[in-house]
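*Asks:* Sequence:
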Amino acid sequence: MTVNSLIESDRAHWIHPVSSWHDHEQRGVTVLRSGKGVYLTDIEGNELLDGFAGLWCVNVGYGHDSIVEAAAEQMRRLAYATGYFSFGSEPAILLAQKLADRAPGDLKHVYFGLGGSDAVDSAIRLIRYYYNITGRPAKKHMIALERGYHGSSSTGAGLTGLPAFHLHFDAPAPMQHHIAPPYPYRSDAASDVELIARSVADLRAKVEELGAENVAAFFAEPVIGSGGVIVPPKGWLSAMQATCRELDILFVVDEVITGFGRTGPLFACEHEGVTPDFMTVAKGLTAGYAPMGAMFMSDRIYRAIADRSAGQPIGHGQTYSGHPVSAAVALEVLRLYEEGGLLANSQAVGAYFGERLKTLLDHPLVGDVRSLGLLAGVELVTSKTAKTRPDAALNLPGHLARIGYDNKVIFRAFGDGIVGFAPPLCITRDETDLLIERFRASLDELLTIKEIRDAVD
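Residue numbers for the sequence shown, in our numbering: 2 to 458.
Worth flagging that the hints you see were computed from the coordinates, not collected in a lab.
Hints may be right or wrong, so weigh each one.
[Stated by the list, open to error] As a list, the in silico EDC-like pairs of lysine to aspartate or glutamate whose alpha-carbon atoms are at most 16 Å apart:
hint	residue 1	residue 2
1	99	339
2	37	432
3	141	214
4	409	445
5	409	438
6	388	369
7	409	48
8	385	369
9	409	45
10	409	43
11	235	195
12	141	249
13	235	193
14	235	273
15	207	247
16	388	458
17	99	340
18	235	271
19	109	300
20	359	369
21	388	363
22	207	147
23	385	363
24	451	392
Please work from the sequences and hints to get the whole structure.
*Replies:* Right, dumping it as structure tokens:
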């Protein structure tokens, strides 16, 4: 098909995720054709440096033949195997074992799904099941962070702390609640210690308001992703875990974005030695080469459910849970992380990436940069002293995304002036330099727009 016919067909039929359907109809689709390493090529032949790894997910980079071969070999041997009726496939069994071996602490049990949203949904459903079967049915309320992201399923969207996922969707549900995020740049706390103490106090206050006997769990990302790549102070995650333990509520860590080397170690929990009760992953699990997500459950929770449900099927499952092709892909991706040097590269280049990002602080539009490994946010402001967010009428994110594309670099321009970066873990120092260079050039070009230039102090 020609480019124009593809655009028209897309406009007529494909409902795109998390987009303004009306605006997409007006703008039209950008058709991507191929990828290699950290680069994408669109259908018109433009080569783009992908600073966002697709959607935080292509951690190994594009075009790994060994992954393609693993998928093809599995398709030829056994294209599908259900996990129902006590059936299983070798790749799914091996993957569950390898993940359990590498997960923190006693997270020894793995449920497979298709992505991050249903991994979170699985956690929510099984938390309810756990409390019901252990005789504490009142524990239904769940708490998460404002600006946090836990997917867009019917239940997970309510825990997500972003208004777009609530508007007209009747979310959050009455038993879903939010507390303020640990947001160093926007906090007036005098120190990291004070900021952590405030978060702990907020959680305690919300639990006290609801009654600890009614609260099931607290959900958190180690680094807030879609809410602006907000990196909490070191010690925050472990402090929140300790508070959950004290208050007798489950601690759920959402590593859908941060998992699989994105912040340096395989899981971001490892930075603070935290072992949650549940952990959700997706994205980097298969590096975007096939759909898959997973939910980890602690041995304590698993045994409590298993031992009390003898003879009773637990009614939670999906047709493609533990899909053998996705599992084969994930096994090869795990091998590339560990034996292919990608975890080591993420740690080495991640430190360099953080230093290069700091060079942007002299730009008139840059108020803050924050990063952990190869996950970063740049917060744009129109006044550095007042930390003023760009007026929505300026459409700064829209202009910046367009300019960035023209400069052959992809990043994520969030609606409130924050820019997200999550390049593939295979990125080199030279490619990091090019990423920063092209982004700075894009910021400079933003200032050629009179309305934006006039808004800057």
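*Asks:* For each hint, tell me whether it holds in the structure or not.
*Replies:* Tested hints:
{"no.": "1", "hint": "99 to 339", "in the structure": "holds, 12 Å"}
{"no.": "2", "hint": "37 to 432", "in the structure": "holds, 13 Å"}
{"no.": "3", "hint": "141 to 214", "in the structure": "holds, 9 Å"}
{"no.": "4", "hint": "409 to 445", "in the structure": "holds, 15 Å"}
{"no.": "5", "hint": "409 to 438", "in the structure": "holds, 11 Å"}
{"no.": "6", "hint": "388 to 369", "in the structure": "holds, 9 Å"}
{"no.": "7", "hint": "409 to 48", "in the structure": "holds, 7 Å"}
{"no.": "8", "hint": "385 to 369", "in the structure": "holds, 9 Å"}
{"no.": "9", "hint": "409 to 45", "in the structure": "holds, 13 Å"}
{"no.": "10", "hint": "409 to 43", "in the structure": "holds, 10 Å"}
{"no.": "11", "hint": "235 to 195", "in the structure": "holds, 12 Å"}
{"no.": "12", "hint": "141 to 249", "in the structure": "holds, 13 Å"}
{"no.": "13", "hint": "235 to 193", "in the structure": "holds, 8 Å"}
{"no.": "14", "hint": "235 to 273", "in the structure": "holds, 8 Å"}
{"no.": "15", "hint": "207 to 247", "in the structure": "holds, 14 Å"}
{"no.": "16", "hint": "388 to 458", "in the structure": "holds, 11 Å"}
{"no.": "17", "hint": "99 to 340", "in the structure": "holds, 14 Å"}
{"no.": "18", "hint": "235 to 271", "in the structure": "holds, 12 Å"}
{"no.": "19", "hint": "109 to 300", "in the structure": "holds, 6 Å"}
{"no.": "20", "hint": "359 to 369", "in the structure": "holds, 9 Å"}
{"no.": "21", "hint": "388 to 363", "in the structure": "holds, 14 Å"}
{"no.": "22", "hint": "207 to 147", "in the structure": "holds, 13 Å"}
{"no.": "23", "hint": "385 to 363", "in the structure": "holds, 10 Å"}
{"no.": "24", "hint": "451 to 392", "in the structure": "holds, 14 Å"}
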